[in-house]
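Chains as they are written, first to last, in the numbering used here: chain A, 6 to 137; chain B, 6 to 137; chain C, 6 to 137.
Accuracy of the hints is not assured; some may be wrong.
[To be verified] Capping the alpha-carbon separation at 27 Å, the derived lysine-lysine pairs in BS3-like fashion look like this:
id	chain 1	residue 1	chain 2	residue 2
1	C	Lys7	B	Lys107
2	C	Lys128	C	Lys107
3	C	Lys107	A	Lys7
By construction, these hints were calculated from the structure, which means they are not laboratory data.
Chain by chain, the residues:
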Amino acid sequence: MKEYIVKTSSRTEMIDIGHLVEDAVRYSGVENGVCTVFVPHTTAAVTINENADPSVRRDLMMELNKIVPYTDNYAHREGNSAAHIKSTLVGCSLSVIVQSGKLQMGTWQSVFLCEFDGPRSRKVWVYIGAGG
Amino acid sequence: MKEYIVKTSSRTEMIDIGHLVEDAVRYSGVENGVCTVFVPHTTAAVTINENADPSVRRDLMMELNKIVPYTDNYAHREGNSAAHIKSTLVGCSLSVIVQSGKLQMGTWQSVFLCEFDGPRSRKVWVYIGAGG
Amino acid sequence: MKEYIVKTSSRTEMIDIGHLVEDAVRYSGVENGVCTVFVPHTTAAVTINENADPSVRRDLMMELNKIVPYTDNYAHREGNSAAHIKSTLVGCSLSVIVQSGKLQMGTWQSVFLCEFDGPRSRKVWVYIGAGG
Numbered sequence: 006m007k008e009y010i011v012k013t014s015s016r017t018e019m020i021d022i023g024h025l026v027e028d029a030v031r032y033s034g035v036e037n038g039v040c041t042v043f044v045p046h047t048t049a050a051v052t053i054n055e056n057a058d059p060s061v062r063r064d065l066m067m068e069l070n071k072i073v074p075y076t077d078n079y080a081h082r083e084g085n086s087a088a089h090i091k092s093t094l095v096g097c098s099l100s101v102i103v104q105s106g107k108l109q110m111g112t113w114q115s116v117f118l119c120e121f122d123g124p125r126s127r128k129v130w131v132y133i134g135a136g137g
Numbered sequence: 006m007k008e009y010i011v012k013t014s015s016r017t018e019m020i021d022i023g024h025l026v027e028d029a030v031r032y033s034g035v036e037n038g039v040c041t042v043f044v045p046h047t048t049a050a051v052t053i054n055e056n057a058d059p060s061v062r063r064d065l066m067m068e069l070n071k072i073v074p075y076t077d078n079y080a081h082r083e084g085n086s087a088a089h090i091k092s093t094l095v096g097c098s099l100s101v102i103v104q105s106g107k108l109q110m111g112t113w114q115s116v117f118l119c120e121f122d123g124p125r126s127r128k129v130w131v132y133i134g135a136g137g
Numbered sequence: 006m007k008e009y010i011v012k013t014s015s016r017t018e019m020i021d022i023g024h025l026v027e028d029a030v031r032y033s034g035v036e037n038g039v040c041t042v043f044v045p046h047t048t049a050a051v052t053i054n055e056n057a058d059p060s061v062r063r064d065l066m067m068e069l070n071k072i073v074p075y076t077d078n079y080a081h082r083e084g085n086s087a088a089h090i091k092s093t094l095v096g097c098s099l100s101v102i103v104q105s106g107k108l109q110m111g112t113w114q115s116v117f118l119c120e121f122d123g124p125r126s127r128k129v130w131v132y133i134g135a136g137g
């Protein structure tokens, strides 16, 4: 397992971490298997989406903030319930297939860390299991 | 890894691909492990839900279209931001346990490709890793 | 694969099953690999979130019930379409990295079964694949 530290700079934001995941695949030396990306946080998430037009990310964050408003008579005293809810909706783990030592993704896909309660320093864990 | 091509016929739709995933499991010859289903697209997704009553799928698509409206002052010029957002909410990868050469799912479960920006031709990638 | 039975007591609820997942990891004897948690139901889900303050869970269920209302002119006759939709939004499978025989999670994270159509008796399947 390899750990990467990612610093976020806004309250909600998507950061392209595709190069980190590819680095972990190379480092592992695994030819065929599955890459697990995991964020050990409860107010962040990991997703795959388009990395070509940055407006896709902005639209995604804008709409998620509408679907789950920052304030809504939440009981949790820390004031970040919206971030916890978005974390569960998007998810904190991902599986990507590895073949011939390369991460198998679509032309427009990349892996993104989703920050929902920033700015903070976040950990991303990547593990590549050889699949036999 | 096995690739399947699925043709969709509507703007948003769920297509049962359970038989394709089962085909990949048989083809792999793996007895015990994990099956990863991955859609290499940013305006589609993959999920597991009920395959008995087709109205479940229609309700699911109807409600997702309410939660994430087609138009909402999105910045992305291609006009398919809603599809990108739904792709992240549902997710593009899935893990299913394989035991004794069989996909382990509940009685009412099947795997579905979710089309959010169709009609199109979509790819589905399935990999079965032997889990030792 | 190990199967656990979890009894739920409300219509919607999150139940901490972290100890069951840890039990499965110990039982497997796997040192390094990936743990797959899978719920074989179409009106339940599995997620990772905070286990410290129970109000996080209550806020999460409250907000999900707002995003996906119980009644909304759904076509599915069984009356539990909202539960099916929430199951797809949260997801029925999860992957967690295992290192040195231990589940790798963040300080505040635990695994939760999400009940969306209870009370019922639910199955949770856990499989740990050795990752080479």
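Checklist entry - Hints broken by the structure, by number, lowest first? => result none
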